[in-house]
Every structure is written in structure tokens, then in C-alpha cells.
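For the record, the sequence lines run as chains A and B.
So the first sequence is numbered by the numbering used here: it starts at 1 and just counts up by one.
So the second sequence is numbered by the numbering used here: it starts at 1 and just counts up by one.
Please keep in mind that the hints were generated in silico from the structure rather than gathered at the bench.
Keep in mind that the hints are not guaranteed to be accurate.
Which stretches of chain B does chain A cover? Using the computed rule of at least three CB atoms under 8 Å from a CB of chain A, they are [claimed, not checked]:
no., stretch
1, 21 to 28
2, 38 to 50
3, 73 to 79
4, 83 to 92
5, 101 to 112
6, 125 to 139
C-beta atoms are modelled at their ideal positions from N, C-alpha and C, and glycine is treated no differently.
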Amino acid sequence: MDVIAGLGQGFLVALDPINLLYCFIGVFIGTLVGVLPGIGPVSAMSLLLPVTLSGTPESGIIMMAGIYYGSMYGGSTTAVLVNIPGEAASVVTCIDGHEMAKRGRAGPALGIAALGSFVAGTFSIVALMLVAPMLAKVAVAFGPPEYFSLMVLGLSILSFLTQGSMAKALLMAAVGVVIGLIGLDQINAMPRLTFDRLELVDGIGLIPVVMGLFGVAEILTNIEQQIRRDIVQSRIGSLWPSKEDLKASAGPVARGTVLGFLLGILPGGGAVISSFASYAIEKKLSRTPERFGKGAIEGVAGPESANNAAAGGAFIPLMTLGIPPNVVMALLLGAFVIHGLQPGPLMMSQNPTIFWGIVASMYVGNIMLLVLNMPLIGMWVQVLKAPYKILFPLILMFCIVGVFASGNAVFDVFVMIGTGVLGYLMRKFGYEAAPLVLAFVLGPMLENNLRKSLILSEGTFDVFVVRPISLVCLLIAAALLIAPLLPALRKKREKVALDATD
Amino acid sequence: MMLRRAEFWGGLFWLAIGAFVAWQGWLLDLGTLREPGSGFVFFWLGLIIVAFATSIAIGGLRGEGPLLGDLWRGARWRNVLLVVLALIAFGFLFERLGFVLCSLALLLFLMTVVDPVRPVISIPVSLIGAVGVWYVLEKMLLVQLPKGTWIEDFIPF
Numbered sequence: 001m002d003v004i005a006g007l008g009q010g011f012l013v014a015l016d017p018i019n020l021l022y023c024f025i026g027v028f029i030g031t032l033v034g035v036l037p038g039i040g041p042v043s044a045m046s047l048l049l050p051v052t053l054s055g056t057p058e059s060g061i062i063m064m065a066g067i068y069y070g071s072m073y074g075g076s077t078t079a080v081l082v083n084i085p086g087e088a089a090s091v092v093t094c095i096d097g098h099e100m101a102k103r104g105r106a107g108p109a110l111g112i113a114a115l116g117s118f119v120a121g122t123f124s125i126v127a128l129m130l131v132a133p134m135l136a137k138v139a140v141a142f143g144p145p146e147y148f149s150l151m152v153l154g155l156s157i158l159s160f161l162t163q164g165s166m167a168k169a170l171l172m173a174a175v176g177v178v179i180g181l182i183g184l185d186q187i188n189a190m191p192r193l194t195f196d197r198l199e200l201v202d203g204i205g206l207i208p209v210v211m212g213l214f215g216v217a218e219i220l221t222n223i224e225q226q227i228r229r230d231i232v233q234s235r236i237g238s239l240w241p242s243k244e245d246l247k248a249s250a251g252p253v254a255r256g257t258v259l260g261f262l263l264g265i266l267p268g269g270g271a272v273i274s275s276f277a278s279y280a281i282e283k284k285l286s287r288t289p290e291r292f293g294k295g296a297i298e299g300v301a302g303p304e305s306a307n308n309a310a311a312g313g314a315f316i317p318l319m320t321l322g323i324p325p326n327v328v329m330a331l332l333l334g335a336f337v338i339h340g341l342q343p344g345p346l347m348m349s350q351n352p353t354i355f356w357g358i359v360a361s362m363y364v365g366n367i368m369l370l371v372l373n374m375p376l377i378g379m380w381v382q383v384l385k386a387p388y389k390i391l392f393p394l395i396l397m398f399c400i401v402g403v404f405a406s407g408n409a410v411f412d413v414f415v416m417i418g419t420g421v422l423g424y425l426m427r428k429f430g431y432e433a434a435p436l437v438l439a440f441v442l443g444p445m446l447e448n449n450l451r452k453s454l455i456l457s458e459g460t461f462d463v464f465v466v467r468p469i470s471l472v473c474l475l476i477a478a479a480l481l482i483a484p485l486l487p488a489l490r491k492k493r494e495k496v497a498l499d500a501t502d
Numbered sequence: 001m002m003l004r005r006a007e008f009w010g011g012l013f014w015l016a017i018g019a020f021v022a023w024q025g026w027l028l029d030l031g032t033l034r035e036p037g038s039g040f041v042f043f044w045l046g047l048i049i050v051a052f053a054t055s056i057a058i059g060g061l062r063g064e065g066p067l068l069g070d071l072w073r074g075a076r077w078r079n080v081l082l083v084v085l086a087l088i089a090f091g092f093l094f095e096r097l098g099f100v101l102c103s104l105a106l107l108l109f110l111m112t113v114v115d116p117v118r119p120v121i122s123i124p125v126s127l128i129g130a131v132g133v134w135y136v137l138e139k140m141l142l143v144q145l146p147k148g149t150w151i152e153d154f155i156p157f
């Protein structure tokens, strides 16, 4: 009953004309950045974070959330039509989606991507609505040791699932925590690694770091290559999939939805991993796996559903525990904090309008996306035809403006340039930015909870193993960290990374 | 041959960073386990970075990973260099020349020198981009952008 009353209250917020407008702007921009290669939801959300200050907290957060799940929709358009993933979660969609397009079936590919996304998005919102209140009740019992162990688990999962070297991923996570701790010590206000610079006393901002590592680094990587776009020139045709297509896609959509939602909840998991996992499962379950890679609609339906369901699932740890499971949620946490709100177990009782408003706006946003994506595909194709040599200077300018506007400081622009160059070199040398950014956000919480736990336990580490939730988290984290050392598991992990790269 | 491996140099770079972080942590005060000090986490993280970096560098010495030169083979690295230099110049001139002039110059530079576009496109796109963003942010969203300390006496708005 609480859920229904809360949802009713949420719809009152979501259907407020100004919030509808913010939701529309969010999903529109989300689809646009999803469509455009070279700018993803992380960059767009960083860019628009300062803009949310001008409205109410719920309006700003509704818009930010819209950008996230909107980009999941938009990414599929680029993947199908251009064979370039608009954002990372659509990498798998390129494989069969673009093959379908080359065979004159771009319409059904885009149609099933939109339909699957809608089904998965709606399922994940319903599940979020039902699971979040239960988890919030459990989360009240969490103390510093549980929070610390959960964050260690999140970083371990992310490092384990990262492509390539796990040592590099863990190194990046450690560097991320260090960067996140620059500034005043939260416990005794001692300046740390500030080098007597006043700008560093408050720490390094999330937005310059994210814009540098993702936005600027992406541009630097792209401009050193000659980008060739293989846009499908034939007519897209009817978007509505045939009866056979729908029948073939029903199972993959259902499986992708559940899988995506569950992986989305896991700290460190998320849309990218779930789409790869869904593709692998569908290929394994198929009676004709040889069709995969040659235009199988199941290869589009499953991953697209999975990445959208994961986008919804990712809200759960943020809303109930206050822990962002991925970089995008870390930015959303930033938006909450800017507005003086702290997501966590008390969010639902202290700010019910905001919690339920966001949930209800996701229903509205999902419908908007379906309406937006189906008839506007032609427009998105035109956007895709804009040459990158015109797009990248504009994206770069937006990055600078977004970073400057977030803190009104040129110092932040230099931080963005520095992290941009670092991010570019990291890509060259095979170091991933995601563990660094997640650790950067979790760093202060991680340190705070570790030190509090040690103070509470009078200096013994027993406190982490005598509490069951903490123990389970640490055991799983330890298993993940040890796994790559075992030859059989290492081969399996390398194979997953290789499949993902292919 | 081993010293030309990217893994070796990457590992060495992070080794230096890790050692520096651990040293800073040591200087900051480690405290005790009962009451960890400000440098406690820094010190241990520094050592963790050193450990991982060492394993990566050793991998490089064993011949793992690509050669350093291969990372930039066939790449248009001049473009990367030009963009980075343009951004640094932008950072230094941003407050002095103001948002509109700086952005206009940056856009024109990128569309003329880095990846050339015909002037008939680059000039209007740069003008609309710089002035349009300024108008939306400054006039509609009331975000304050630098007017330019060198030129603010000469501008009427």
C-alpha cells in the first residue's frame, strides 16, 4: 500500500509541467548523446550538472536520470546504422544490428531495440519500486564496516570484469582513491596533497575529472584516427518487427531484462557487462548459433533489453545504500549532493517526493523515449551524417563550458586538460578509466568508513569479519581477486575479455 | 628490446607515483590502528600502487605487451598535440580574452588547422557556436562566463 501511495505521490511530481519538460529535455539529450559517437551520458551529465542548480532538486535529477536511460536507447541507433556504438553498452548491438541493416532490415533492428528497451526499462522500474523499499530497511542496519566492505566488493567486481589486465584495473582503483582523497581530511581537517594550492583544499572536482578522462580523452583518441562511417544508405523501412521477429525476440528480451536488472544492481556491474552477458547467453541457447554475427534479431533484442534493465537496476544501490555502482550513478550522486540531498536508506522516508518523483518520471520517460525513438529515427540519421571534424570542436567547447560553469574556476579547466591527457595515455597503455572514476567517488567514503571501523573496534580488523554482511562481501571480493591467479579461471576471464573486444 | 616495451614504462610511471603517495602518507602522520592518522590510507594505497606497478613493469621486462613505438604507429599524433596545446592556450587566455573571443578562436583553430573544414562552414559554425553558447548560458541560464579582463572596458554588454 505504501508503494502505491508513494507512486501516486510520485506521479503528481512527475506530471508537473516543469518536470515533464525537464524529463523531455533529459531523454532528448540522452538520445542525442547516445546517437553521437564520441560523447556519452557521462560527458552529457557532467556538462548539464551545473544547469540543474537553476531548478528544483527533483527537476534536475529527473533530467539527469533521463539522460542516462535516454542514452541507452540512442546508442542502438548508431550501432545499427553506422556500426559505431553511440555509447559503450551498445557495442554488442553493432554485431547483429548492423548486419541486419546491411541486409535491408534496419527498421526491424531499430524497432526491436526500442521495444526491448521499453519492456526492460518498464520492468526495471517496477522492480526498483518493489525492491528499493525492502533493501532500504535492511540498509539501515549497515554500519561503517558493512559500507567499507561493500565498497571494496564494488571495486573488486569492476576490476574483475574490466577487459584486460586486472592488475592495471586494481592499480587504477587505488589511484582513483588517492585522487579522491586530495583536500582536507574529513576527520581532522588536515590538508592532504594540496601542495599549498588553495584550489585543492576542497579536493578535485568530479566533473573536471570525468570530462577529462571520458570527454577530452575520447576526442584525442578519435582525432588521431581517420574516422570512417559506414552509414546504411538504403531505406530504413517499417520499424515494426514482423510476427516471426517478435516471436524470436520474446525470450531474449525476457532473459536480457532479468539478467540486466540483476547485473545492474551489483556494484561495479552495469549496462556494458549485461549486454555482453546477454549476447553470450542468447548465442549459447540458440539452436542456430551460426546465425549470430550475420544479422540474428536475438542478438539485438537480448543485449538492448539487458542494457536498459541494467540502467534501471543501477538506481537501487544508489537510492538505498547511497553507493553509486557505476560512473553514471556517481554523477547522479553528485547531483543529489549539489542539492543538499544524501541518497541512502533514509532517502525514502525523508524525501519521499523526490524518490517517488524520480521513479514515476522514469515511467513517463520510457514512454517518451518510445514515442521519440520510433518516429524520429530519420532525424537521428541526419545527426549522424554531421562530420566528426565539425562535431569534435563543438563537443570540446561544451566540455570546457561545462567544467567552468560547474565551479566557476579556470583551475578546473586545467584539471580537465590534465586528466584528458592522462586519460588518452591510459587508453594507449591499456589502463581503463572506469575503476579510477568509481574509486575517486567512493574514495572519501571508503577511507571514512575504514577509519571509523578501526576506531570503533579499537584497532582490530575483526570488526570486518564478525559482522556477516561485511564478511560475505569481503569473501566474494577476495574470491574475485584470487580468481585470476587460478589458471583455468584466468583463461575463462581472458576469453570473456577477448570476446568483448571482438 | 625489453626497455622498449610500453608495459615497462607504464609500470615505471605508476611506480614513481605510488612511491610518492606512500612518502606523502608517511609525512602526513600514519597514526595507529586504534586511531589512524591522515596519512594512513595514503601510505598503504601508495604501497599497493607500487606493488601493482612493479608487477606490470616486470611483465614489460619479460617482453609482455606492445612496443612503445607501436602505440603511435600510423596515428595522427600531430592532431593530438595541437589540440592539447590549443586547450592549454585557451586555459591561459580564458579569463583575459573572455569566453566569446576565446571560444571563437579555439573553434576556428580546430576547424582550420587541426582537421580542416571549408571556411564557408567553419566560420559560421564557430560564430554560431561561440555566440550561441554564450547567449544560452549567460542570458538564459544566468551562468557567469568570463568577459575578458583585457577587453571588458571595450565591450558594450
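Counting residues of the stretch 38 to 50 of chain B whose CB is closer than 8 Å to a CB in chain A, do you get three or more?
holds (count 9)
With a Cβ-Cβ cutoff of 8 Å, does the stretch 21 to 28 of chain B contain at least three residues near chain A?
holds (count 3)
Against chain A, does the stretch 83 to 92 of chain B show at least 3 residues with beta-carbon separation below 8 Å?
Three-residue rule met by the stretch 83 to 92 of chain B, so holds; n is 6.
Check whether three or more residues of the stretch 101 to 112 of chain B sit with their beta carbon closer than 8 Å to a beta carbon of chain A.
Holds: 5 residues of the stretch 101 to 112 of chain B have a Cβ under 8 Å from chain A.
Per the coverage rule (Cβ-Cβ under 8 Å, at least three residues), is the stretch 73 to 79 of chain B covered by chain A?
holds (count 4)
Within the stretch 125 to 139 of chain B, is the number of residues with a Cβ closer than 8 Å to a Cβ of chain A three or more?
holds (count 6)
Violated hints are absent here; each numbered hint is respected by the structure.
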